[in-house]
Each structure stands twice: as C-alpha cells, then as structure tokens.
Amino acid sequence: MAEDQGQINQNTVTSMGETGAFLRMRGITKRFPGVVANDSISFDVRSGEIHGLLGENGAGKSTLMKILFGLYSQDEGEIYIDGERSTIDSPQEATDAGIAMVHQHFMLIPRLTVVENIVLGARETPFAADSLLGKLSHKGPLKGILSSLTTNLEDARRKIERLCEEYGIDVDLDKQVWELEVGEQQRVEILKALYRDAELLVLDEPTAVLSPKESDDLFETINELKEEGLAVILITHKLHEITAHTDRTTVLRDGNVIGTVDTDSVTEDDLAEMMVGREVLFDLDRDQNTRGEKVVDVSGLYADDDRGIQAVNGVDLEVHKGEIVGIAGVSGNGQAQLTECLAGVRETTGGTIEINGIDLTNEPPLSYVKNGVSYIPSDRYEVGSSPNRSLVDNAILKDYDEFATTTSFDREAAREYTKQLVEEYDVRTPDIDTHAGKLSGGNLQKLICARELSREPDFVIADQPTRGIDVGAIEYIRSVLLEQRKKGTGILLVSEDLDEVMQVSDRIVVMYEGEIVYRADSDNALREVIGQCIASGEPEAATDAEAEVVEVE
Amino acid sequence: MRYTIGNYEIRLRKRTEQPPYIKYGIPIAALAGSVVVAMVVMEAIGTNSIAAMYTLVTRILSPGGMAEIIVRMIPLLLAGLAVYIPMRAGLWNIGAGAGIYGGGITAAAIGIYAPLPGPLLIIAIILGSAIVGGLLLFIPGYLRARWDINEILTSLLLTFGMIQLNEYAILLMPAEDVTHSSASLQAGAIFPRLPGTRIHIGVALAVLSFVVVYAMMNRSKFGYEIKMFGSNATAASHAGISKYKVVIGTFVIGGILSGLAGGAEVAGIHGRLVPEFSPGYGFTAIAIALIGMRGEFKVLAATFLFAAVYIGVASIELTHAVPFALVDVFEAVVILFFVAGEAIRQFELDIKPVQDVDDTEAVPA
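So the sequences go chain by chain: W and X. First residue of the first sequence: 1, per my numbering; consecutive thereafter. First residue of the second sequence: 1, per my numbering; consecutive thereafter.
Check the hints yourself; a few may be wrong.
Stated by the list, open to error - Here are the computed lysine to any residue pairs in the SDA-like style, where the Cα-Cα straight-line distance is at most 25 Å:
id, chain 1, residue 1, chain 2, residue 2
1, W, K438, X, A29
2, W, K66, W, K159
3, X, K14, X, V36
4, X, K227, W, T405
5, W, K487, W, T236
6, W, K438, X, L208
7, W, K159, W, T236
8, W, K213, W, E268
9, X, K243, W, V330
10, W, K486, W, Y476
11, W, K370, W, E483
12, W, K370, X, A145
13, X, K298, W, D433
14, W, K66, W, T236
15, X, K14, W, D75
16, W, K238, W, V330
17, W, K370, X, K243
18, W, K438, W, D170
19, X, K14, X, R294
20, W, K370, W, V345
21, X, K243, W, T405
22, W, K66, W, G437
23, X, K352, W, T405
24, W, K438, X, L349
25, X, K298, X, S237
26, X, K23, W, E268
27, W, K238, W, G472
28, W, K294, W, D458
29, X, K243, W, T236
30, W, K66, W, E93
31, W, K66, X, L208
32, W, K159, W, D170
33, W, K66, X, R15
34, X, K227, W, S367
35, W, K438, X, I112
36, X, K243, W, H435
37, X, K14, W, H435
38, W, K438, X, A145
These aren't lab readings, by the way, just hints derived from the structure by calculation. All figures in this text were calculated on a predicted structure; none of them were measured in a lab.
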C-alpha cells in the first residue's frame with residue numbers, strides 16, 4: 001500500500017503541473033453509505049489523446065464518469081474544463097461543455113432514421129443563429145416550441161455529411177436505425193456526439209458488442225478523432241485494446257488512482273497487476289484430466305431464433321465428463337440458440353438432445369434442471385438473475401424446492417446456504433439481503449456461477465461467462481470452471497475470446513452460420529485455421545496444414 | 001433533475017435509506033391530504049365540511065360504523081387479494097368483478113334450487129361460488145399462458161360479460177314480486193349473522209383466506225415461484241418455474257377468492273340475486289392491490305381505508321346532503337395521494353441556496 005501511495009503522489013505532482021489538459025478532475029471524492037466510491041481522484045485528459053481508463057468492476061470508473069456527466073455530484077473536488085472551473089449538474093450541462101458519451105447500450109430509437117436520431121434533442125430552429133428571431137429562439141421555451149413544430153433537417157443533414165467526410169465515418173444517413181448493423185449503430189452514436197460539438201468523447205466498453213472486424217474499424221475512427229484534436233476516454237476491460245490504442249492510461253482500484261502511465265512504457269501484465277494489486281495469472285494450469293463417459297449427445301440439431309429464422313443448422317456435438325468443450329466464433333452464429341436448446345429453454349425444430357443418456361428433446365426447462373444441467377447465460381441481468389430480488393432469492397433459484405415445500409419455506413436454511421455461497425465464491429456484497437441488481441457485473445456473475453456450480457451438476461453451459469467483467473473476476477471464473485472440470489463435470493464454454501477458448505478448452509469447435517465448421521483437440525488446434533473458420537466458415541484453401549502450431553499451454 | 005428557483009436550487013434524488021418519519025409519516029400525510037381535499041370539495045358544493053367530517057368520523061368510530069366497515073371489508077379484501085396475487089406475478093387481473101358475479105349467480109342458484117338442509121346448503125354455496133369463480137378466471141389465465149393473449153383485455157371483457165349474465169340469470173330465476181330481482185334464497189341458505197349487526201360468516205372466510213394467502217406468499221414454494229416469476233419471468237422460467245403453473249395458478253386463486261366474495265355478498269347481505277350487486281368491488285380491488293403492492297398487510301390496511309371511506313361518506317349523504325358520488329371523489333383522491341406518497345418515499349428533495357462556484361474552498365487533492 002505504501003508503494004501505491006507513492007505512486008499516487010508522484011502522479012499528482014506530475015499532472016498538477018500540466019496545463020494543456022482539456023479535462024482536469026481534481027481530488028474528486030464521492031461517498032455512498034458504507035463505501036467511498038471515489039477517494040480523492042485526480043485525472044487529466046488532453047486534447048488529441050486517447051486516454052484509457054482501467055479498473056475492476058467497482059473500482060470507481062462508472063462513478064467518476066457519472067460525476068463527469070452530472071448524474072452524481074461529487075462530495076469533494078473540482079472539475080476544470082479547458083482550464084475553467086466548471087460545475088456539471090446534469091447531462092445537458094455536460095453536453096454543453098463539450099463532453100459526450102457513447103454508452104454500452106446504445107441510446108437510439110430504432111424506428112427513426114439516422115439523421116433523425118442524431119438531431120433528436122438538439123434540433124435547430126429555422127432561423128439563423130445571429131438574427132433577432134434566431135437569438136430569441138436560441139434558448140428557452142420558444143426554442144422548444146419552434147423546434148418541435150418544424151423539421152428543419154436539411155441544415156442538420158449538411159452538417160452531418162460534413163462530419164462524416166471530415167472524420168471518415170461511413171453510415172447511410174437515410175436508413176432507419178433498426179436496419180443497421182451494431183457497428184454502424186455505434187457510429188451513429190459517435191456522430192451524435194460530434195454533432196453536438198463534443199470535444200471529449202467517452203467510450204464505455206465500445207467493443208463489447210462488436211466483431212473483431214468492426215472493432216478494427218472503430219479504432220480507425222477513434223484515431224481519426226484523435227488526429228482532429230478530440231480528447232477520447234476509452235473504458236475497457238480488454239488490456240490489449242489499451243496497449244494497442246491508447247496514449248496514456250489511468251488505473252483505478254478501490255476508488256483510488258493507482259497511477260497514470262504512458263501506455264508505451266507498460267505491458268499488459270503490468271496493467272493487470274496495477275488493476276488487481278497482485279500478479280494475475282493469464283495462463284491457468286489446465287492439467288490433464290481423464291475424460292469420462294458421455295454426458296451430452298446432440299445430434300442433427302436444428303433451431304430457430306426469436307424472429308423465426310433458422311439459427312442452428314444441424315449440429316452434432318458430444319460433451320464428456322471432465323472435459324471443457326469450447327465453442328469459438330463471432331456471436332450471432334447460432335451459439336446463443338444452441339446453448340438455449342441445451343438448457344431446455346428454446347424449442348428445437350429438429351434433431352435430438354440426450355443428457356446422461358436420457359432423451360430430453362423439447363422437454364420443459366425443469367427436466368434439464370433436474371437432470372443435472374446448469375446454465376450460466378450470457379445476459380446476467382435479464383436472464384441469469386432477478387435484479388429486484390435479494391441475493392438469497394437469487395441464490396436458491398435453481399434448487400428452491402430444497403428449502404420450500406407446499407406448506408413451508410425454510411428462510412433460515414436458505415440464508416445459511418447463501419452466506420456459504422457468498423463466502424466460498426468471494427461475492428462482494430454489503431449483505432445477503434441486498435438486491436442482486438445492485439452487485440457489480442463481476443460479483444453478480446460470481447453469484448450466478450456459485451448457484452450453478454455448487455449444485456453438483458453433470459453438465460454446465462457457460463455462455464460468454466467472462467464478457468464485460470474485470471480481469472480479476474475473469475481469472476476467478478476461468479479457474480472455477482477448470483476446478484469444476486476436475487470434479488468430473490462436462491462443460492460447454494461459448495466465448496468470443498479465442499484466447500480464452502484455447503486456454504481452458506480440451507476440445508474446440510468453431511460455429512459459423514449455425515453450423516460447426518471446425519473441430520479439434522485444443523492441443524492440436526491451429527490458431528490460424530480457427531481464425532479463418534471464425535471469419536469465413538472455412539479454412540483458406542491455401543493454408544498449409546503445417547502452419548505453426550500454437551502453443552496452448 | 002435540477003431546477004433553480006430564485007436563489008435556490010432544487011434537486012430530486014433517490015433516497016438511499018428510509019427514516020421512520022418517511023415510513024410512517026407518508027401514509028398519515030397521504031390520508032390527511034385526502035381528507036383536506038375532500039373537505040375542500042364539500043365546501044365547494046356548499047356543505048359545512050367540518051360538521052360533515054365530524055359526523056363522518058363519529059360514524060366510522062362508532063360500534064355500528066365499525067361493524068358496517070367490517071361487512072364492507074369482506075368482499076373488498078377477498079377481491080383485493082384476488083388482484084394482488086396475480087399482480088405479484090406481474091399480471092393484471094381486472095376480472096375480480098367477473099369472479100364476484102360468477103360466485104353470486106352460483107350462490108343464488110344453489111340457494112334457491114338445491115334441496116339441501118341448512119348447514120350443507122351453506123357449504124355448497126361456499127364451494128360452488130369458489131369453484132365457479134376459479135373456473136371463470138381460468139379462462140384469461142389459460143389464454144395468457146398458452147397464447148400470450150393480454151390478460152388485462154380478457155379479464156376486463158369477462159367482467160362486462162358477467163355483469164350482463166347476472167341480469168339474464170335474474171330473469172331466468174323465479175321472481176318474488178315486481179322488483180327487478182330474483183326470489184329470496186331458502187332460509188337455510190342465508191349466511192348466519194352476528195346478532196345486532198350485518199356481519200355474516202363471510203368474515204370468517206375473508207380472515208381465513210387472508211391467513212392462507214399470507215402463508216402461501218411467504219411460507220411456501222408457490223409463493224416463491226410467484227414472486228420470482230413476477231420479478232423476472234425469463235430467469236424464473238429458465239430455473240424450471242412453470243409459466244402455466246404461475247399464470248394459471250394465480251388467476252385461478254384470484255377467481256376462487258373473488259367467487260367467494262360474490263357468494264358471500266349474495267348469501268350474506270342481499271339474500272337474493274339483484275342487478276349490479278357489486279358496486280365496482282372488482283375495480284376498487286385494483287386500487288387496493290396497488291396501494292398494498294408491497295405486502296399482504298398493506299392490502300389489509302388499504303381494504304380498511306376504502307371500506308371506511310365508503311361507510312363514512314354514506315353516513316353524511318343524508319345528514320349533510322352530500323352527493324354519494326363524493327365516495328368516488330374521495331377514493332380517487334386517496335389513490336392520487338398514495339401514489340404521490342410513493343414518489344416521496346423513493347425520492348427526496350434537496351433545496352439549498354445557489355452557491356457561486358468560486359465561493360467553495362478548494363479541496364486539497
């Protein structure tokens with residue numbers, strides 16, 4: 001800790017002398033009952049730089065950004081924008097000050113066109129800004145009335161076209177937003193910020209929803225913004241994005257600034273250590289494990305997605321006890337539907353699913369739960385838990401009939417059980433009566449893992465279990481999955497992170513457009529071939545079978 | 001949210017904790033506010049509101065008034081619970097009225113036609129009205145569970161249908177005289193009353209139902225399933241909680257309770273089938289369930305409140321020439337004040353003088 005303290009002071013000294021910064025946050029402190037979310041945080045962002053903001057879930061990043069956007073007010077500390085002391089008390093004031101944010105969940109209206117979305121809430125009145133009417137209608141109720149009576153989209157459109165050209169952003173302005181790909185929608189969000197003359201753009205985990213190709217495009221755009229002199233704050237959990245794309249990085253831990261570093265001078269391991277406060281094991285030991293009998297046998301499985309379009313296209317898959325089968329691929333290639341079928345929550349349209357030799361095809365979810373299937377869904381808040389119920393209610397969700405009968409409910413036993421899980425799986429929470437939705441993503445995921453793994457399942461489906469959580473929690477979740485494998489459970493892991501799949505899986509399959517296009521033991525898997533299969537559904541013809549074998553361990 | 005008025009800045013922020021003055025003060029303030037508004041309305045129509053209020057409160061607190069409130073609470077509590085249970089599962093039961101009419105028609109039919117001795121006749125009425133109520137509300141429950149047909153529409157339409165069916169049933173049944181109602185039930189079918197009051201054995205049914213519902217919601221597997229389904233239906237379904245069981249189950253229980261309410265009204269109060277014997281109980285029940293959303297005892301308290309308003313206003317209708325529609329005004333105001341109280345319970349206002357930013361001391365980093 002003494003060392004950390006030194007780092008903080010050192011950092012403060014260096015940045016105190018800094019003048020050119022667009023944003024300076026000084027000694028920001030924010031307390032919530034029982035916790036100091038931001039403890040005297042100082043943070044600078046210069047124009048023309050990409051500044052990474054790193055920290056575990058709960059380290060204080062979101063609080064700091066909410067203060068910057070006027071959603072929270074700080075208890076102590078000042079914010080300087082462009083050298084001037086500012087108070088920001090609402091998102092509107094943040095926008096006026098040139099600060100914009102691209103949220104993880106886009107704030108777009110699907111039925112409006114791109115132009116309409118961009119202009120929404122920032123429409124101009126039909127009068128020139130310097131005319132008398134323009135001045136009168138620039139602010140206040142008159143603006144509201146005038147701008148809601150007119151649709152002066154022509155000027156707006158010209159401005160947006162100019163911005164697109166200037167920053168090299170490619171979007172079809174006349175399409176309705178629902179017709180756009182995720183990556184395009186994100187570009188609309190960025191355009192929205194630029195349209196409001198943003199000088200500081202905050203990107204909150206921008207690549208969490210993007211394919212690798214889309215991510216590359218995004219970073220190209222971000223670099224363009226930087227070249228044009230914008231300040232960019234990049235919040236991400238992906239360390240390689242930090243090292244590859246940022247100029248400087250500030251690391252937060254437990255509400256404190258651990259340090260601000262020039263990204264060139266550090267490695268991913270250094271950053272991870274700063275974040276977690278100890279060395280992080282990215283290479284987990286996956287020792288040999290005996291592969292047991294078959295627990296899951298899927299043959300010729302077909303299923304539709306929610307829109308009724310075929311998403312799973314004749315999949316054959318086996319999972320044995322004591323092995324992890326990893327499904328690699330960009331999401332949207334049928335993995336979600338496949339896992340839902342295997343958890344019994346999606347109807348199949350063809351083929352069979354056998355669990356432990358029992359045909360459970362199209363049986364209700366309860367049959368799967370009772371036959372030892374555990375499911376860690378990718379959406380923790382909407383599917384994996386009930387955010388408005390307590391940890392206790394959530395912890396017993398899969399096995400509540402052990403605590404409750406038609407005429408009794410043993411609350412005490414349920415509480416005891418929850419306490420045990422919370423302790424064993426290191427779920428950080430004020431108490432077990434807290435609503436599950438109040439937990440950070442990583443802690444909620446630990447709670448869900450605790451619930452699913454502690455019931456001695458034969459088969460676990462883990463759909464993107466580490467998406468959007470911090471490295472400490474990622475490491476933890478991977479290690480509990482490996483431990484579960486050792487106990488003889490068969491595990492199906494779906495992940496977009498190829499490193500993760502290669503690291504923990506015994507066998508790897510690649511899904512592309514609803515089909516399994518590649519299978520290999522992970523020890524023999526060719527990373528390059530897998531990459532090609534993920535991208536195009538087949539290995540490139542020219543690829544030599546002797547391409548370098550990637551070391552997995 | 002932030003507003004500036006003169007030199008003061010007003011903010012609305014979410015409460016992190018709820019001190020006792022909020023917890024207990026808000027319902028009291030909401031009630032007081034409703035009374036004040038009702039008095040203003042009375043003054044506006046030329047009634048001496050203070051005298052009227054005095055009569056109203058005296059009536060409510062008198063033994064006779066209390067007895068009438070209890071009589072009134074029987075159908076309201078049963079119907080309120082009938083809405084409350086599906087509401088905990090995230091469903092809107094607008095069909096308590098349908099159950100009430102179904103139960104009432106059944107009670108009248110059994111009471112008039114069944115050749116049974118006294119006690120058996122009463123048991124048959126209780127069982128019959130419960131079963132018919134349950135069967136009726138099985139319909140919207142099943143439609144919702146099986147085909148996702150909006151339960152609000154189906155249960156509401158069912159209520160309108162049952163009101164008309166009640167009229168038709170009266171026509172089919174033997175009539176006693178020229179009044180538009182059925183003949184009286186057999187003497188043995190009338191629910192026994194507490195001497196000197198109109199409190200009938202339906203009160204035992206209501207109390208028993210309340211205890212059973214409380215136990216079910218808090219001490220049983222089904223209660224847990226209902227609450228989990230209501231807070232996140234997807235997560236609950238994935239854990240194996242059956243949509244059919246929860247959706248149909250809560251509606252059928254709601255139907256049973258509202259059927260009992262109807263049976264008790266016909267066999268306990270009217271003694272015959274009359275048109276529109278439920279003066280909007282099914283809709284008042286929605287308000288009761290909404291105010292009582294956070295627990296069974298709150299449902300009970302809200303039931304008392306609405307029954308007391310009804311009895312109180314009824315007492316001043318003649319003595320102070322207040323139109324009976326004041327009941328509706330009063331009920332509406334109560335609902336508005338309690339909804340507003342909920343907002344105050346969740347948010348706090350923070351009013352402070354606007355500070356010049358430079359006045360604050362710089363905090364050392």
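Take the C-alpha atoms of X/K14 and W/H435, compute the straight-line distance between them, and say whether it is at most 25 Å.
Within the cut-off at roughly 16 Å; holds.
When you check the alpha-carbon spacing of W/K486 and W/Y476, does it fall within 25 Å?
Cα-Cα ~15 Å, so holds.
Run the distance test for W/K213 versus W/E268: straight-line Cα separation, threshold 25 Å.
Holds, at roughly 22 Å.
Verify the proposed pairing of W/K438 with X/L208, using a straight-line Cα cut of 25 Å.
Measuring from Cα to Cα gives roughly 38 Å; hence the hint is violated.
Does W/H435 sit within 25 Å of X/K243, going by the straight-line distance between their CA atoms?
Given that 25 Å is the threshold and the Cα spacing comes to 23 Å, the pair holds.
Check the hint pairing W/K438 with W/D170 against an upper bound of 25 Å on the C-alpha distance.
Not satisfied, since the Cα-Cα distance of roughly 38 Å exceeds 25 Å.
Given the hint that W/K66 pairs with X/L208, test it: the Cα-Cα distance must not exceed 25 Å.
Roughly 51 Å separates the two Cα atoms, so the pair is violated.
Hint consistency between X/K14 and W/D75 [alpha-carbon to alpha-carbon, up to 25 Å]
Between X/K14 and W/D75 the Cα gap is close to 16 Å, so the pair holds against 25 Å.
Hint consistency between W/K487 and W/T236 [alpha-carbon to alpha-carbon, up to 25 Å]
33 Å, violated
Please work out if W/K66 and W/G437 have their alpha carbons no farther apart than 25 Å.
18 Å, holds
Decide if the proposed pair is consistent with the structure: W/K66 and W/T236, CA atoms, cutoff 25 Å inclusive.
16 Å, holds
W/K438 and X/A29: Cα distance at most 25 Å?
Roughly 31 Å separates the two Cα atoms, so the pair is violated.
Hints 1, 2, 3, 5, 6, 7, 9, 18, 23, 25, 26, 29, 31, 35, 38 from the list above are not met by this structure, while the remaining hints are.
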